[in-house]
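J.: The chain contents come next:
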Amino acid sequence: MDLERELRQALTRKSPPRGFDEKVLGRIASGEKVALPKPPARWTGYALPVAASLAIVAGGSFYFWQHERQRQMDAEQTARNVVLALQITSAKVSAVQMKVQEISRYERQAQY
Amino acid sequence: MNARPSISSCVLVLAYVLFPGIASAQGARIQMDHLSRLAEKATESVDVTVDSAMLKKSAGFLAGRGGDSAKLQELIDGIRGIYVKHFEFDAPGAYTDADVEAVRKQVAREGWSRIVGVKEKGQLTEIYLWKEGGTNGGLVVIAAEANELTVVNIVGNVDLASLAALGPMIPKFGKDK
Chain A
1288 MDLERELRQA LTRKSPPRGF DEKVLGRIAS GEKVALPKPP ARWTGYALPV AASLAIVAGG
1348 SFYFWQHERQ RQMDAEQTAR NVVLALQITS AKVSAVQMKV QEISRYERQA QY
Chain B
328 MNARPSISSC VLVLAYVLFP GIASAQGARI QMDHLSRLAE KATESVDVTV DSAMLKKSAG
388 FLAGRGGDSA KLQELIDGIR GIYVKHFEFD APGAYTDADV EAVRKQVARE GWSRIVGVKE
448 KGQLTEIYLW KEGGTNGGLV VIAAEANELT VVNIVGNVDL ASLAALGPMI PKFGKDK
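The listed protein sequences derive, respectively, from chains A and B.
Just add 1287 to wherever you are in the first sequence, counting from 1, and you've got our numbering.
Just add 327 to wherever you are in the second sequence, counting from 1, and you've got our numbering.
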C-alpha cells in the first residue's frame, strides 16, 4: 500500500517553480552560451594501437637484447673454459717434458 | 692410487674389451664419464667439455685478449674439441687404478700411440697421440698423482710444442673457476 502511495506521489504532475520560464527566457535573451561537451580528439582513436605497437617493439627489443647478452655470456664462459683446459693441458705437457729432459740428462751423465 | 676398482670402471673396461668396435668408432674422442663421480670426493674439480661448435662461438672472445692470442687462436684453429677432467683430493686413494685403466684401455687401441710415459714415486704421466691420415688428430694426457687426477682429451690437430709453450701467453680472463 505504501509503495502505491509513494509511486502516485512521485508521478504526480508538478508545476515548475514560479518565475522559471522568465528565468529561461532571460538567459536566452542575454546570449549566455552553454558549453556543450567536446567531441573526443582524433588522436585518441590511435592511442591504443600506437601504445600496443610501442609495447610490442619495446618487448621485442628487450627480448633480443637479453638473448644476445646471454649468447655473449655463454661464449665468454666457453672461452674461459677453453683457456682453463689449455692451461691445465699445457701445465701437464710441460711438466712431463721437463721430467723427460731431466731423465735424458741423467742418462747422458751416467753414460760418461 | 687405490687398487680397489669401482663397479662402473669395471663395467666400462669390460665393455671396451667385449665390444672393441664401440671404441674404434670414436676416433680421437675418448669417454671419461666414469670419472665424473670423483667430483663428489674432490676438494677441487674442473670439468670442461667444449665441442667444435662451442669453440667457434668462443673464438671472438679469445681474439684480442692480450697475451699472444694470435698464437692461441692458431692452436685452437686445428682443434675440434677439448675435454678435461681434473680432480684434486684431500687424501690419497680417492680414485682407483681401474678409473685410470678405463682411460688407458681406450688409448690402447689401434690409431693411438704413446709418445711419453713417465712413472715415478706413485705418479703416472702419459701422453698419447691419435694419428689421422699421417697427421696428428688428437691427444690424450693422463696425469695421475696420489692426490690428483687429470685426464685431457683434445680432438683435432694439436701441436704439442706450441701447447707446452702456451702457459705464459694464455690471455687472462680474471679469477674464474
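Everything labelled a hint here was simulated from the structure, so no lab data went into it.
Hints are not guaranteed to be accurate.
For lysine-lysine, the following BS3-like pairs were computed, each having C-alpha atoms within a straight-line distance of at most 27 Å [said to hold, decoys possible]:
(1) B/K432 / B/K448
(2) B/K384 / A/K1386
(3) B/K432 / B/K368
(4) A/K1386 / B/K383
(5) A/K1320 / B/K368
(6) A/K1386 / B/K448
(7) B/K432 / A/K1386
(8) B/K368 / B/K383
(9) B/K446 / B/K368
J.: Going straight from one Cα to the other, do A/K1386 and B/K383 come out at no more than 27 Å?
T.: Answer violated: A/K1386 to B/K383 is near 34 Å, above 27 Å.
J.: Next pair to validate is B/K446 with B/K368; report whether the Cα-Cα distance is within 27 Å.
T.: holds (24 Å)
J.: What's the verdict on A/K1320 and B/K368, does the C-alpha distance respect the 27 Å limit or exceed it?
T.: Violated, because 92 Å separates the two Cα atoms, which is more than 27 Å.
J.: Verify the proposed pairing of B/K368 with B/K383, using a straight-line Cα cut of 27 Å.
T.: Violated, at roughly 33 Å.
J.: For the pair we were handed, A/K1386 and B/K448, check the Cα-Cα distance against 27 Å.
T.: holds (13 Å)
J.: Taking only the CA atoms, is the gap from B/K384 to A/K1386 under or equal to 27 Å?
T.: violated (36 Å)
J.: Between the alpha carbons of B/K432 and B/K368, is the straight-line distance 27 Å or under?
T.: Given that 27 Å is the threshold and the Cα spacing comes to 24 Å, the pair holds.
J.: Is B/K432 close enough to B/K448, meaning Cα to Cα at most 27 Å?
T.: Holds. B/K432 to B/K448 sits at ~22 Å (cutoff 27 Å).
J.: Keeping to a limit of 27 Å between CA atoms, is the pair of B/K432 and A/K1386 held or broken?
T.: It holds: about 24 Å lies between the C-alpha atoms, which stays within 27 Å.
Hint compliance for this structure: hints 2, 4, 5, 8 are not met, and every other hint is.
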